[in-house]
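Asker: Using the sequences and the accompanying hints, generate a full structural model.
Listed in order, the protein sequences are those of chains U and D. Per our numbering: the first sequence ends with 161, consecutive numbering throughout. Per our numbering: the second sequence ends with 710, consecutive numbering throughout.
These are computed hints drawn from the structure, not numbers from a lab. Note that the structure is predicted; figures quoted are calculated from it, not measured. By construction, the Cβ of each residue, glycine as well, lies at the ideal position given by its N, Cα and C atoms. Accuracy of the hints is not assured; some may be wrong.
[As the list claims (entries may be wrong)] Derived list of chain U stretches under chain D, where covered just means 3 residues or more per stretch with a C-beta under 8 Å from a C-beta of chain D:
1. 51 to 65
2. 98 to 107
[What the hints assert, rightly or not] Restraint-style ranges between C-beta atoms, simulated for each label pair:
3. D:Leu606 - U:Glu82: 43 to 51 Å
4. U:Glu83 - D:Met346: 46 to 54 Å
5. D:Ser344 - U:Arg114: 56 to 64 Å
Residues per chain, in single letters:
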Amino acid sequence: MSEAKLAIHQTDASEIVRTAHEFLAFSLAGESYALPLPSIREILKAPPITEIPRAEYDILGIISVRGRITTVIDLRRRLHLEEGPLTKDTRILLVDRGDEVIGVLVDLVHQVYRLHPDEIELSSVMGSDVSDHFVGIGRPGGEGSETLLILLDPIALLRRN
Amino acid sequence: MARDDDSGLRDEFLAEAQEIVEALSRDLLVLDQAEKEGTTSAEQINDLFRSVHTLKGIAGMFGHPTIGAIAHSLEDLLDQLRLEKVALTAEVLDVLFEGVEHFQRLLQSEEESEAGIDLDAFAQRIGQSLGVQDGGATEDPLRALGLEEAMLSVLTEYEEHRLRANVEQGVTIFRVGLRLPLLSIDESLESLKEKLRSLAEIITYLPSMDGGDAEHIELVVLIASTSDKEVLEAAIPFEGTSVEEVNRRDGGPMSLGPVEEPQTTDLTDLIAAAEAAPSSLTHAPPSAAQLSGANQADPLSVRSVSNTVRVEIDKLDHLMNVVGELAIIRSAIFRISERFRSESAMRELSIELHRINRGFERNLLELQNGILDVRMVPLGQVFDKLARIVRQAAREHGKEVRLVVSGKDTEVDKLIVEELSDPLMHIIRNAIDHGIEPPKQRDMAGKKPTGTLALSAYQRGKHVVIEVEDDGGGIDHEAILRVGIERGVITRDAAAELSREEIYNLIFTAGFSTKSSVSDLSGRGVGMDVVKTNIARLGGIIDVDSEPGIGTKFTITLPVTLAMISALLVRVAGREFAIPITSVREALVFEESEIRMVEAREMLTLRGSSLPLCRLREFFGIADAPPPERQFVVVAEIGSRRVGFLVDELDGQQDIVIKSFGPSLQKVKGFAGATDLGDQRVALVIDVPSLVEESGMQMDRARLWAGGGV
Numbered sequence: 001m002s003e004a005k006l007a008i009h010q011t012d013a014s015e016i017v018r019t020a021h022e023f024l025a026f027s028l029a030g031e032s033y034a035l036p037l038p039s040i041r042e043i044l045k046a047p048p049i050t051e052i053p054r055a056e057y058d059i060l061g062i063i064s065v066r067g068r069i070t071t072v073i074d075l076r077r078r079l080h081l082e083e084g085p086l087t088k089d090t091r092i093l094l095v096d097r098g099d100e101v102i103g104v105l106v107d108l109v110h111q112v113y114r115l116h117p118d119e120i121e122l123s124s125v126m127g128s129d130v131s132d133h134f135v136g137i138g139r140p141g142g143e144g145s146e147t148l149l150i151l152l153d154p155i156a157l158l159r160r161n
Numbered sequence: 001m002a003r004d005d006d007s008g009l010r011d012e013f014l015a016e017a018q019e020i021v022e023a024l025s026r027d028l029l030v031l032d033q034a035e036k037e038g039t040t041s042a043e044q045i046n047d048l049f050r051s052v053h054t055l056k057g058i059a060g061m062f063g064h065p066t067i068g069a070i071a072h073s074l075e076d077l078l079d080q081l082r083l084e085k086v087a088l089t090a091e092v093l094d095v096l097f098e099g100v101e102h103f104q105r106l107l108q109s110e111e112e113s114e115a116g117i118d119l120d121a122f123a124q125r126i127g128q129s130l131g132v133q134d135g136g137a138t139e140d141p142l143r144a145l146g147l148e149e150a151m152l153s154v155l156t157e158y159e160e161h162r163l164r165a166n167v168e169q170g171v172t173i174f175r176v177g178l179r180l181p182l183l184s185i186d187e188s189l190e191s192l193k194e195k196l197r198s199l200a201e202i203i204t205y206l207p208s209m210d211g212g213d214a215e216h217i218e219l220v221v222l223i224a225s226t227s228d229k230e231v232l233e234a235a236i237p238f239e240g241t242s243v244e245e246v247n248r249r250d251g252g253p254m255s256l257g258p259v260e261e262p263q264t265t266d267l268t269d270l271i272a273a274a275e276a277a278p279s280s281l282t283h284a285p286p287s288a289a290q291l292s293g294a295n296q297a298d299p300l301s302v303r304s305v306s307n308t309v310r311v312e313i314d315k316l317d318h319l320m321n322v323v324g325e326l327a328i329i330r331s332a333i334f335r336i337s338e339r340f341r342s343e344s345a346m347r348e349l350s351i352e353l354h355r356i357n358r359g360f361e362r363n364l365l366e367l368q369n370g371i372l373d374v375r376m377v378p379l380g381q382v383f384d385k386l387a388r389i390v391r392q393a394a395r396e397h398g399k400e401v402r403l404v405v406s407g408k409d410t411e412v413d414k415l416i417v418e419e420l421s422d423p424l425m426h427i428i429r430n431a432i433d434h435g436i437e438p439p440k441q442r443d444m445a446g447k448k449p450t451g452t453l454a455l456s457a458y459q460r461g462k463h464v465v466i467e468v469e470d471d472g473g474g475i476d477h478e479a480i481l482r483v484g485i486e487r488g489v490i491t492r493d494a495a496a497e498l499s500r501e502e503i504y505n506l507i508f509t510a511g512f513s514t515k516s517s518v519s520d521l522s523g524r525g526v527g528m529d530v531v532k533t534n535i536a537r538l539g540g541i542i543d544v545d546s547e548p549g550i551g552t553k554f555t556i557t558l559p560v561t562l563a564m565i566s567a568l569l570v571r572v573a574g575r576e577f578a579i580p581i582t583s584v585r586e587a588l589v590f591e592e593s594e595i596r597m598v599e600a601r602e603m604l605t606l607r608g609s610s611l612p613l614c615r616l617r618e619f620f621g622i623a624d625a626p627p628p629e630r631q632f633v634v635v636a637e638i639g640s641r642r643v644g645f646l647v648d649e650l651d652g653q654q655d656i657v658i659k660s661f662g663p664s665l666q667k668v669k670g671f672a673g674a675t676d677l678g679d680q681r682v683a684l685v686i687d688v689p690s691l692v693e694e695s696g697m698q699m700d701r702a703r704l705w706a707g708g709g710v
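Answerer: Printed below as a string of structure tokens:
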């Protein structure tokens, strides 16, 4: 990643941390992830998903949310995690990526965490080899916290399609 | 979010500005025609002035300085025109047209800088047009006129000028009292204008201060006419009209209505008073303020005169969604009533519920039709834009073209109208560029030097037909065949078997056109394949017929609405798909044994002609379940091309609402969108034109997809 790009990335990440104090935590292949709460529009139980022939690999298909056609992506596939089955805990988060609300399939929704800036370790201090959508690590309760949250940037995560 | 507010304001401005600019453009074309025929009227220029003035007003309010500046300079020019200090010439018209074009470009580009407008050069041309001005009149004849202060004080500078000019020329001024129903006020005023056009000049309309009730408004109209009072009375078509001559002060007795104000005030004082207290208008009831707003050069003129509302199409889509949800609820209620019916104790309740549900269904249908109706707009919207293109293209090519438009009122879905401009523009430019001959050539061919381009529209059942016909040189079908063979669109052998219709349709084939055309307006046939694709995307078809030496005619057939279409529901590997019925020719039982291989493609023979087969299961890569014993072939047809889609089941016909995919799925080909079938079932709507195209070219590649995956 070039230095210029990195600089932009840093501003984005710190912007997310500064403006969004609340994160919604969910689990995916055994790890805990979190998205800024303001980007989450709704949490749904997974309805039948209509698959789209010839769409990209990580697009599961579409669902109708009160008449609005909504694209659903499989976050496991997008993050290159192992495949998992749908269970009764599976949920679809409706996440606003700016120009569109996207359904994001996750294994289980935990809870909302309110994070103080001290409890967030920005990805920018972890070296240059991190993905765009990786904002940092959240440690609710500060150092020595049991829970580690991988904080994601919804725009970077979902804007690829 | 603050940004949303801004963009909301901006949208509102853009929508309103667009409407004004379209009206301007229309009026300017009428003026252009009138100038050629020598029948320009003061009213025409005045209409333009008012439109430009309003545009300037809203550009100021919404912070669009460039549009404001252009409007301001156009206003100057129009003002001088209507004050008759500058003569209306072809050159001045060009400057006016240029100004309107600038508006359009500015409204279309996001950033002002992108519009690439040389404002200085434009200002210079305005300056040239303004040219020499002569001095004003010395004696003010208005002083002699018996009009009350209240009336004189609300006249605009221009109205005063017209009043003065008429009095100077010895034309009699009449005061017409009208009582009009509020609801149809616009039409009434239009018809009044129309009736008086040849008899009189309308100087101003003023709402009467004391008249009117909740449903009516009383107006005083000042007109200048050389006709007699009786003639005018007979011409005005409303009941309860009074026509009185406004006498000069030095003449006979005052024939004006009761006036309390002293009438000896000097005019200059009156104007000063009017300027100091423009609030005199605000005392009038709202309707009156709106009316005079159209005449008055003050911020009030920003108020809309019409009784219509502007609605974003998204909001209508939302309402349509709600209707869809209600339809789902209706079927749920229906199921419950059916369940009750089987229990004898509940039988009566079931019948009752059933009846209520029927009423619900009826109203729901009405609601749905109502929403569809709101989406409809007259084709005149796009025809007016085209009229401008005709004028421009004709000038560029030194041709004389008369545009004859009919069926402007034919209504089509708003989205279709939007998408139609480009294809129609292309056809029209082609017709002028290559169809209609230069005047001399036409003369030699024994035709009138002015070519005719007829643009007509009419409704036929659930379709709208648009025809573009020129009386130009026509297309020689021998020439089409020659070009087709040259460019490898068709083999020499195949060419020999084509019908006349098929030959003309060759111009819509991709590859028939080349980019080597000299003209920037593109050669005959250049881009016609794009035109065809665009029309097909709207669910329409285009045909062409031509007679060398006589002319060419394009016929476009479109569905009336895109919002709700009839579709055939089919099932492939357990998935539901909808195929728009407009492109389905028929459906038949599939017989594997009838397949023949032609050039490595599977073909069926259908009534003597070959039908390429497209196995949707393989094509979409959804071959995860084995096909059933009995399969069906859905014969789809786009223009002259047909494909048979192989499906597992036919699930019947249904009216569906197509919803487009979000930006995240824009790259996926083959689907026009999806539709909600209720019960959380969502079916994909097959984009027949694109599948026909693709299956024709990429049969082999489809096999690759069959493996599924990355």
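Asker: Please go over all the hints and tell whether each is borne out by the structure.
Answerer: Evaluated hints:
1. Check on the segment 51 to 65 of chain U: 11 of its residues sit with their Cβ under 8 Å from a Cβ of chain D, so the three-residue criterion for coverage holds.
2. Here the segment 98 to 107 of chain U counts 4 residues with a CB under 8 Å from a CB of chain D, which clears the bar of 3, and the coverage holds.
3. Distance hint check: the CB atoms of Leu606 (chain D) and Glu82 (chain U) are about 49 Å apart, consistent with the given range 43 to 51 Å.
4. Evaluation of the 46 to 54 Å hint for Glu83 (chain U) and Met346 (chain D) yields a pass: the beta carbon distance comes to about 48 Å.
5. Judged by the Cβ atoms, the range 56 to 64 Å given for Ser344 (chain D) and Arg114 (chain U) holds: they are separated by roughly 59 Å.
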